[in-house]
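The listed protein sequences derive, respectively, from chains A and B.
All residue numbers for the first sequence refer to our numbering, where the first residue is 1 and numbers rise by one.
All residue numbers for the second sequence refer to our numbering, where the first residue is 1 and numbers rise by one.
These are calculated hints, taken from the structure and not from any lab test.
These figures come from a predicted structure and were not determined experimentally.
Any given hint could be a false lead.
When chains are identical, the list treats them as one kind, so a pair holds in a single copy or across two.
[Claimed, not checked] Here are the simulated SDA-like pairs of lysine to any residue, each with C-alpha atoms no more than 25 angstroms apart in a straight line:
#, residue 1, residue 2
1, Lys71, Leu150
2, Lys113, His168
3, Lys113, Arg133
4, Lys71, Asn167
5, Lys71, His103
6, Lys113, Ile28
Number of protein chains: 2
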Amino acid sequence: MGSVYCALVHHPVVDRQGDEVTTSVTSIDVHDIARSARTYGLQGYFVVSPIEAQHLVVQRIVDHWCSGAGKARFPERGEAIALVRLCESIDEAMARIEAEEGHPPRLVATSAKPGPGRSSYAEEAARLRTEDRPTLLLFGTGHGLSDGVLRRADVFLDPIEGPSEFNHLSVRAAVAVTLDRLFARKSLANDPI
Amino acid sequence: MGSVYCALVHHPVVDRQGDEVTTSVTSIDVHDIARSARTYGLQGYFVVSPIEAQHLVVQRIVDHWCSGAGKARFPERGEAIALVRLCESIDEAMARIEAEEGHPPRLVATSAKPGPGRSSYAEEAARLRTEDRPTLLLFGTGHGLSDGVLRRADVFLDPIEGPSEFNHLSVRAAVAVTLDRLFARKSLANDPI
C-alpha cells in the first residue's frame with residue numbers, strides 16, 4: 001500500500017451559487033482533521049490556501065502544539081498536528097508528494113453531491129490495499145471542490161449518505177467518516193451491512 | 001426501530017487525571033453534531049450541561065439559526081440545529097425522552113478506551129433495527145464519560161480504532177463515525193470489510 005495524504009482545499013472551491021471562490025482557513029479544521037488523519041494512519045495533511053496571511057495563522061497553531069506551550073500539556077495533540085503541511089495549491093501538494101515518494105499521487109476527489117462515475121468506498125479501499133503509488137484525498141471547503149479539480153481526479157468517491165436526504169455534514173465530519181470507511185480496522189463483526 | 005437520540009455530556013465527565021469535572025460547551029460541537037445527527041436521522045440531540053450560563057450560549061446559537069438572521073441565509077443549518085435540546089443532566093434527557101416516547105431510553109455509552117464487555121457496531125446496529133424502545137447514545141467531552149455513567153449504560157460500544165494506536169479523535173469526529181457505522185445507508189459495495 002502506498003502512502004496516503006489528505007488535503008483540505010480552500011481554493012479552488014465553489015460557493016453556494018457555484019462561483020469559484022477562496023475560503024478562509026478555520027482553525028478547528030486544522031485540529032480535527034489532523035487528529036483524524038493521525039488516527040487513520042495518513043502520511044500527511046495538506047492545508048491548501050493561496051493566501052499567505054492564512055499560512056501564518058496555521059503556522060502559529062502548528063508551532064504552539066509541536067514546539068510551544070501546547071506540546072508539554074497535550075503531547076498527543078502535537079503528534080497529530082505534526083502531520084500538517086502548508087501549501088499554496090493542489091499542484092504544490094502533488095509536487096511535494098512526488099518529491100518524497102518518487103511518483104505523483106493518484107487524486108481521489110470527494111463531494112456531497114451524487115452524480116455519475118462515482119466510486120464506492122469498498123472499491124477505493126480495495127485499490128488502496130494493492131496500490132503502490134501515493135494517494136492524495138481531496139476535500140473541499142465552502143460548497144465543495146470546483147469542477148476543474150473534479151475533472152483532474154483519478155477517482156471520485158460516492159457522497160456520504162445517511163438514511164435522510166440531508167447532506168450537509170461539516171467537512172470535519174465528512175473527513176472522519178471517509179477515513180473510517182477507507183481505513184478503519186474492521187472485522188465482519190464491526191461492520192454492519 | 002425506536003427513535004434514536006444522542007447526548008453530548010459536559011458533566012459528569014473526567015479530565016486527563018481521571019477526576020470528575022464539568023467541561024465548557026464548545027459552539028462548534030453544537031453545529032457539527034447537529035449536522036451529523038440530522039444526516040443520520042436522529043430524533044434529537046441533547047446538549048447536557050448543569051451550568052445555566054452555558055445554556056444561554058447554546059440558546060443564542062439555536063435562535064440565530066432557527067429563527068434569526070442565520071435562518072434566511074442557510075436554512076439547512078437551522079434544519080439541523082432544530083434538533084438541539086438543552087438539558088441539565090442525563091437524567092433530565094432520559095425523562096424528556098420517556099415523556100415523548102412513553103418509555104425510558106436504552107443507554108448506549110461510547111469511549112475511546114478499550115475494555116471488557118464492549119459491543120461491536122454491527123451488534124448494536126442489528127439491535128437498533130429490531131428495538132422498539134427509544135435509544136440514547138452518550139458521548140463524553142473532556143477525557144470521556146465518568147465511570148458512574150458507564151455503569152448505568154445498557155450497551156457500551158467498542159472504541160473507534162484506525163490502523164494506528166493513536167486514539168484522540170475529536171468528539172465531533174467520533175460522533176460522525178459512530179453514527180455512520182450505525183446508520184449509514186449501506187450497500188455491500190460501499191462497505192469494505
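Results for each hint:
1. Lys71 - Leu150: neither (37 angstroms within a copy, 30 angstroms between copies)
2. Lys113 - His168: Within one copy only: 10 angstroms inside a chain, 30 angstroms across chains, cut-off 25 angstroms.
3. Lys113 - Arg133: Cα proximity of lysine 113 and arginine 133: none, with 27 angstroms in one copy and 34 angstroms across.
4. Lys71 - Asn167: Answer is between: at 17 angstroms across copies they meet the 25 angstroms cutoff, but 36 angstroms inside does not.
5. Lys71 - His103: This pair counts as neither: shortest intra-copy Cα distance 33 angstroms, inter-copy 47 angstroms.
6. Lys113 - Ile28: both (24 angstroms within a copy, 24 angstroms between copies)
Checked against the numbered hints given earlier, the structure breaks hints 1, 3, 5 and satisfies all the rest.
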